[in-house]
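Undergrad: All chains, please: the whole structure from these sequences, using the hints.
One-letter residues, chain by chain:
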Amino acid sequence: MQYLISVIHDDSTLATPDEMAAIDVFNDRLQAAGHWVFAGGLAGPDSATVIDNRGAEPLFTDGPFLESKEHLIGFWIIEAPDLDVALTLAAEGSKHCNRKVEVRPFR
Amino acid sequence: MNVVDARQAVTRAHREEWARVVAALTRRFGDLDIAEEAAAEAFATAVERWPDDGVPPNPGAWLTTTASRRAIDRIRRENRRDDKQREAQLCYDSPPEPLGAIDDERLRLIFTCCHPALAMPTRVALTLRMVGGLTVAEIARAFLVQETAMGQRITRAKAKIKAARIPYRVPSAADLPGRVSGVLAVLFLVFNEGYLTTGPDTDPVRQDLTAEAIRLTRLVRDLLPGDGEVAGLLALMLLTEARRAARVSAGGELVTLAEQDRGAWDAALIAEGHRLVRERLAAGTAPGRYQILAAINAVHTCVRDVRDTDWSQVVALYDQLVRLDPSPVVALNRAIAVAELDGPEVALAAVDRLEPDLAGYRAYHATRADLLRRLGRSQESRAAYDSAIVLAGNTAETAYLTRRRDQLG
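Note that the protein sequences, when read in sequence, are chains P and R. Each residue of the first sequence is one higher than the one before, counting from 1 in the working numbering. Each residue of the second sequence is one higher than the one before, counting from 1 in the working numbering.
It should be emphasised that the hints constitute simulated quantities derived from the structure, not laboratory data. Since the model is a prediction, treat every value here as computed from it, not as a measurement. Positions of the beta carbon are idealized from the N, C-alpha and C atoms, including for glycine. Errors might be hidden in some of the hints.
Unchecked claim - Simulated pairs of lysine-lysine, DSSO-like, Cα-Cα distance not exceeding 27 Å:
| no. | chain 1 | residue 1 | chain 2 | residue 2 |
| --- | --- | --- | --- | --- |
| 1 | P | K95 | P | K69 |
| 2 | P | K100 | R | K160 |
| 3 | P | K95 | R | K160 |
| 4 | R | K162 | P | K100 |
| 5 | P | K100 | P | K69 |
| 6 | P | K100 | R | K158 |
What the hints assert, rightly or not - Derived Cβ-Cβ restraints for the label pairs, each shown as a range:
| no. | chain 1 | residue 1 | chain 2 | residue 2 | range |
| --- | --- | --- | --- | --- | --- |
| 7 | R | P225 | P | T88 | 51 to 57 Å |
| 8 | R | E16 | P | E102 | 52 to 58 Å |
| 9 | P | M20 | R | E380 | 57 to 63 Å |
| 10 | R | L281 | P | R104 | 57 to 63 Å |
Stated by the list, open to error - Beyond 10 Å from chain R on every Cβ pair, some chain P residues (computed):
| no. | residue |
| --- | --- |
| 11 | H35 |
| 12 | G55 |
| 13 | R99 |
TA: Below, the structure is given as structure tokens:
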């Protein structure tokens, strides 16, 4: 079973070197324990472009699809047998990256 | 067989076997929704069949077998529609469990329903439905929400449990204390809502809710007999429930502990509560909050006359509780005991310090009103009664506060 752990960011500061180092430690642990699927950090929401090609012509719009105080700044995709394991890993992830996270199962 | 006897047998089986049937089916089919529906169908079948066929020698086994057949029928029906997904679901087997000591299906069910990933009102509703066997309509009535809204809440919870794969198991030993306290919080909330029912048009005491909370806590106690806080919560509920008959007057007004007719207390419940408190004292381990609250209630219920109450013991227990839980509500209750030991003036000073935290809390204003009244400060007391009455709460309490206010000279 795979879960998406979204990292929620609520200000404009980037991860500090200490936080980056802690994230690396956590990533190594995920890989060693076989939970690792994929992870990544994102540039800020100002760099986003929204595309809508449901009509005749693709429509490109500057900015994120949703303006909000909190936004997605990174994520992990993990493999875990159930939500209890996923929640334990997410709690560790939150501690390491020093941000709030959200856990959501893949279908 | 007599129809009335058969009905009674179904009612008894429902009380005793519902949780076991739902739990066994959830274990077998890995799906709460299927388990709940099939269990309900099995009980409906019992209502139809038992008057003619007689009550089976082992009602629980009959119900589980009947429910399992219904569940398999449903899965076969849906398999034709949605083969792959169902197959995956039937194959899903929960991982091996690290904890072997406690092995009752019902306990898994309770922990799943009280999972921390579910919102508190959802945990309460799900526990009453799946473990308590209350209907959605009964739960909706108890919490003053529309039946459709309550139905949706339970449906969403079942969907989340399935989609996010909330496990169906007793938590590992490391997680157990935290998870047990989550279960006890749910049971305590059900009890309190029954004991001091909120809302303007409801009965002041909902005995169905207090009885259900006690029944479920007894069940948890049977399953976790060594847990001090489980024993503490059960004792607390019993010692509180014991005073129910004396707590509301014939005129529908709340009667305070000091004014209650102690002869109307339930001696059997008090004896059982005291036994549990003694058991915990003998265990010699540091008590948690439910055990301390139970001990406080034991002090109150061990004297026949309120004037004999050992208030220094009560305050000492509150001191112990404050160390565990430094919340303003605990401080308020401690101040009420302090008023008896050191006088209303000392207590009022302590209560007034809580104003920033408790300005919206009815008991804060009611306590201030009472202390000011005892100090002869009638005008301030009246204003405090007014503040308490304005805040929504229990109907019997409102009646009591209103009379007190109107009696001020």
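Undergrad: Does each hint hold? Answer for all of them.
TA: Evaluation of the provided hints:
1. P:K95 <-> P:K69: Answer holds: K95 of chain P to K69 of chain P is near 21 Å, not above 27 Å.
2. P:K100 <-> R:K160: holds, 21 Å
3. P:K95 <-> R:K160: holds, 25 Å
4. R:K162 <-> P:K100: The hint holds at about 24 Å.
5. P:K100 <-> P:K69: holds, 13 Å
6. P:K100 <-> R:K158: holds, 26 Å
7. R:P225 <-> P:T88: 51 to 57 Å: Violated, at about 28 Å.
8. R:E16 <-> P:E102: 52 to 58 Å: violated, 41 Å
9. P:M20 <-> R:E380: 57 to 63 Å: holds, 59 Å
10. R:L281 <-> P:R104: 57 to 63 Å: Cβ of L281 of chain R to Cβ of R104 of chain P: about 47 Å, so the range 57 to 63 Å is violated.
11. H35: holds, 14 Å
12. G55: holds, 32 Å
13. R99: At roughly 19 Å from the nearest Cβ of chain R, R99 of chain P sits farther out than 10 Å, so the non-interface label holds.
Taken one by one, the earlier hints fail for this structure at numbers 7, 8 and 10, listed in ascending order.
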